[in-house]
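Starting from the given sequences, assemble the full structure and let the hints guide the process.
If you want the building blocks of each chain, they are given just below.
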Amino acid sequence: GAVVSQHPSRVICKSGTSVKIECRSLDFQATTMFWYRQFPKQSLMLMATSNEGSKATYEQGVEKDKFLINHASLTLSTLTVTSAHPEDSSFYICSAGDRVNDNEKLFFGSGTQLSVL
Amino acid sequence: KQEVTQIPAALSVPEGENLVLNCSFTDSAIYNLQWFRQDPGKGLTSLLLIQSSQREQTSGRLNASLDKSSGRSTLYIAASQPGDSATYLCAIETSGSRLTFGEGTQLTVNP
Numbered sequence: 137g138a139v140v141s142q143h144p145s146r147v148i149c150k151s152g153t154s155v156k157i158e159c160r161s162l163d164f165q166a167t168t169m170f171w172y173r174q175f176p177k178q179s180l181m182l183m184a185t186s187n188e189g190s191k192a193t194y195e196q197g198v199e200k201d202k203f204l205i206n207h208a209s210l211t212l213s214t215l216t217v218t219s220a221h222p223e224d225s226s227f228y229i230c231s232a233g234d235r236v237n238d239n240e241k242l243f244f245g246s247g248t249q250l251s252v253l
Numbered sequence: 421k422q423e424v425t426q427i428p429a430a431l432s433v434p435e436g437e438n439l440v441l442n443c444s445f446t447d448s449a450i451y452n453l454q455w456f457r458q459d460p461g462k463g464l465t466s467l468l469l470i471q472s473s474q475r476e477q478t479s480g481r482l483n484a485s486l487d488k489s490s491g492r493s494t495l496y497i498a499a500s501q502p503g504d505s506a507t508y509l510c511a512i513e514t515s516g517s518r519l520t521f522g523e524g525t526q527l528t529v530n531p
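Just so you know, the sequences run in chain order A and B. This note's numbering puts the first residue of the first sequence at 137, with every later residue one more than the last. This note's numbering puts the first residue of the second sequence at 421, with every later residue one more than the last.
Accuracy of the hints is not assured; some may be wrong.
Stated by the list, open to error - Once the Cα atoms are required to be at most 30 angstroms apart in a straight line, the calculated BS3-like pairs of lysine-lysine come out as:
#	chain 1	residue 1	chain 2	residue 2
1	B	488	A	156
2	A	191	B	488
3	B	462	A	177
4	A	241	B	488
5	A	241	A	156
6	A	156	B	462
7	A	191	A	241
8	A	200	A	150
As the list claims (entries may be wrong) - According to the in silico footprint, chain B covers these stretches of chain A (three or more CB under 8 angstroms from chain B):
#	region
9	147-161
10	174-182
11	244-250
The set of hints was computed from the structure by calculation and includes no laboratory data. Small disclaimer: the values here were computed from a predicted structure and weren't measured. Every residue, glycine too, gets a C-beta built ideally from N, C-alpha and C.
Written out as C-alpha cells, the structure reads:
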C-alpha cells in the first residue's frame, strides 16, 4: 500500500537554529500534502496545506515566515522551522492523499518529535 | 468552525472486554469521518473511514457508526486485547482533504 516517509523522527536543537523536516510519498504522487502539529495531550492541528508548484496555504495563526513549506516535486514536501524556540517544541506530522478510483485516502508519516533547548 | 470532541479522554479496561469510544462534531456538513490509531511518539494508522452517506463500517473486531444528524460517531472494539492499547483519534474531513481531529481517547487494555 501507499507509504509516506517522514524524516527525521526526532530532532533536538538549540534555540535559534533552523530545522528541516522532509515528507515523501513513496509509492504515489501527491499534489497536496498536509502538515500538522501536536502538542502533548492535545489534538493534531492542521498548520498548512502544501501545494506542489505553488505557495502553501497556512491556517489562521500559523506564521508563514516561521514555518517555511516547500513542495517542489510530486513526492516531496519539506517543512522548515526557522529560528526555532522552545515553544516550537512539538510533534510534527505530515500526510498525503493517494487518489484511487475517485476515492482519496490519506496516509500519514511517522512524525517528527522536535525538542528545542 | 468544525469542533470535534471525544469522550472519554482515557479508558482502562481488562482484556476481553467490549468497549465503545465516542466522538461528536458540531457541523454535520462533512465529507467523511475517520478513526485513527496513534501509538506513543508515532504517526497515525487509519482504522475505518465512513463516507457521509454511510452509517457504519466494520473491520475485524472494529465497528464504527456515524449519525450525521446528531453529530455523533462511535467506535466499538470487541474482545479487546493488550495490543489495542493506543490513543484513538476521530477526525472529520471537510472539503479539500482537510481533517479536524478530536483530542483522542487513550485506551489501556490490561492483561
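Would you pick out the hints that fail for this structure and give their numbers low to high?
-> 1, 2 and 9
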